[in-house]
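Knowing the structure of chain W, use the given hints to seat chain E on it.
2 protein chains.
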Amino acid sequence: MTTKKGAATRLRIVEAAAAEIRERGTNATTLDDVGRRSGTGKGQMFYYFPAGREQLLLAVAELEAERVFDDQEPYLSELTSRAAWEAWRDLIVERYRDQGLHCPLGVLIADVGRYSPAARAVTAQLVRRWQECVRTGIEVTQAAGEADPGLDADRTAAAVIATVQGGVTVLLSTGSAEHLEAGLNLCLDRLLL
Amino acid sequence: MTTKKGAATRLRIVEAAAAEIRERGTNATTLDDVGRRSGTGKGQMFYYFPAGREQLLLAVAELEAERVFDDQEPYLSELTSRAAWEAWRDLIVERYRDQGLHCPLGVLIADVGRYSPAARAVTAQLVRRWQECVRTGIEVTQAAGEADPGLDADRTAAAVIATVQGGVTVLLSTGSAEHLEAGLNLCLDRLLL
Numbered sequence: 001m002t003t004k005k006g007a008a009t010r011l012r013i014v015e016a017a018a019a020e021i022r023e024r025g026t027n028a029t030t031l032d033d034v035g036r037r038s039g040t041g042k043g044q045m046f047y048y049f050p051a052g053r054e055q056l057l058l059a060v061a062e063l064e065a066e067r068v069f070d071d072q073e074p075y076l077s078e079l080t081s082r083a084a085w086e087a088w089r090d091l092i093v094e095r096y097r098d099q100g101l102h103c104p105l106g107v108l109i110a111d112v113g114r115y116s117p118a119a120r121a122v123t124a125q126l127v128r129r130w131q132e133c134v135r136t137g138i139e140v141t142q143a144a145g146e147a148d149p150g151l152d153a154d155r156t157a158a159a160v161i162a163t164v165q166g167g168v169t170v171l172l173s174t175g176s177a178e179h180l181e182a183g184l185n186l187c188l189d190r191l192l193l
Numbered sequence: 001m002t003t004k005k006g007a008a009t010r011l012r013i014v015e016a017a018a019a020e021i022r023e024r025g026t027n028a029t030t031l032d033d034v035g036r037r038s039g040t041g042k043g044q045m046f047y048y049f050p051a052g053r054e055q056l057l058l059a060v061a062e063l064e065a066e067r068v069f070d071d072q073e074p075y076l077s078e079l080t081s082r083a084a085w086e087a088w089r090d091l092i093v094e095r096y097r098d099q100g101l102h103c104p105l106g107v108l109i110a111d112v113g114r115y116s117p118a119a120r121a122v123t124a125q126l127v128r129r130w131q132e133c134v135r136t137g138i139e140v141t142q143a144a145g146e147a148d149p150g151l152d153a154d155r156t157a158a159a160v161i162a163t164v165q166g167g168v169t170v171l172l173s174t175g176s177a178e179h180l181e182a183g184l185n186l187c188l189d190r191l192l193l
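First to last, the sequence lines map onto chains W and E. What the first sequence shows, in full-length UniProt numbering, is residues 1 to 193, in sequence order. What the second sequence shows, in full-length UniProt numbering, is residues 1 to 193, in sequence order.
Chain W with its partners taken away, still in its complex shape (with noise of 0.2 Å):
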């Protein structure tokens, strides 16, 4: 199970469960069909997900919350100034527009989460680490002169992930990154001085 042949299959399992979850849905994805995509007997995808579908399903959310950080680097670890905030805001507006209506994080956290207290677990904990993130940027911005030192950084980070968050569920049902993109220039407009 830990070996590194092991964790290859279990990877390229995951990477096929979140592959097929991203082009036709949480609900309309079955093991089977993860198994045929990856090319998977029945009995390796029991031997990796004894639990079944719902093992596997928080898997692919621990997968792509990672994404979800990887995405949004180098700029998310660097939030020091005003430069990096925009620059961090200019590539999360346009990573989610590519996106159009597949964002991996919206199917994690709305089809997944909302039925499952183990995967909720999952998307409570990528919500924290987030916001640890950006609450992080905030203080060095603030500590640089460059950020209002009078708002509360944890709320604002608070507030900034509740934006980005809903700017791409919008996003999922209009196609539009309108609302993401005021949402973020609305924070940063407040926060930056």
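Read the hints as simulated data drawn from the structure, not as lab findings. Just so it is clear, the structure is predicted and the values come from calculations on it, not from any experiment.
Label-pair ranges, simulated between beta-carbon atoms:
id : chain 1 : residue 1 : chain 2 : residue 2 : range
1  : E       : 149       : W       : 30        : 51 to 57 Å
2  : E       : 19        : W       : 128       : 29 to 35 Å
3  : E       : 87        : W       : 11        : 50 to 56 Å
4  : W       : 42        : E       : 74        : 56 to 62 Å
5  : W       : 53        : E       : 149       : 51 to 57 Å
6  : E       : 152       : W       : 5         : 55 to 61 Å
A few chain E residues that face chain W, going by a derived Cβ cut-off under 8 Å, partial list only:
id : residue
7  : 123
8  : 158
9  : 165
10 : 169
11 : 173
12 : 179
13 : 190
Positions of the beta carbon are idealized from the N, C-alpha and C atoms, including for glycine.
For chain E alone, coordinates are given in the frame of chain W:
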């Protein structure tokens, strides 16, 4: 079809479907469930929704959209002063906090919205109408001298909508209204004088 009795039957079916979706999610709701809950036979279901499940889901989307607006009254159409905006914010935070993990708008946009062009049209229309209400409120409040006159009312309204939507989406995962409240506070802090 346009008789009062017919309209009442149709509404009973749509409300039963809405209740099923609220309890079990869109994908787990079948026409049989809705028929049982509303006490409606297959013939009547087919009479009112000849195109089937998709047509019924669209009718539910429209019903839930109306509820989203009704739930924000009497404040949404009277956003004319700081006091009115704050009352609206408090109403939204309290209502969604009480609703917890059962947000019909979240279901609407996330489950129905992503996969069906017709449902996306309904949700896009809801977003537009909601944004117009908020934009009108911003303009009136600007004219009254209680909101920053330098803000673009439509873009600011888009930012507010994104924030509320995202705060609710995060709430659906975490059960906490913290992001919703922080996001609305940041918007009002930027908007109001």
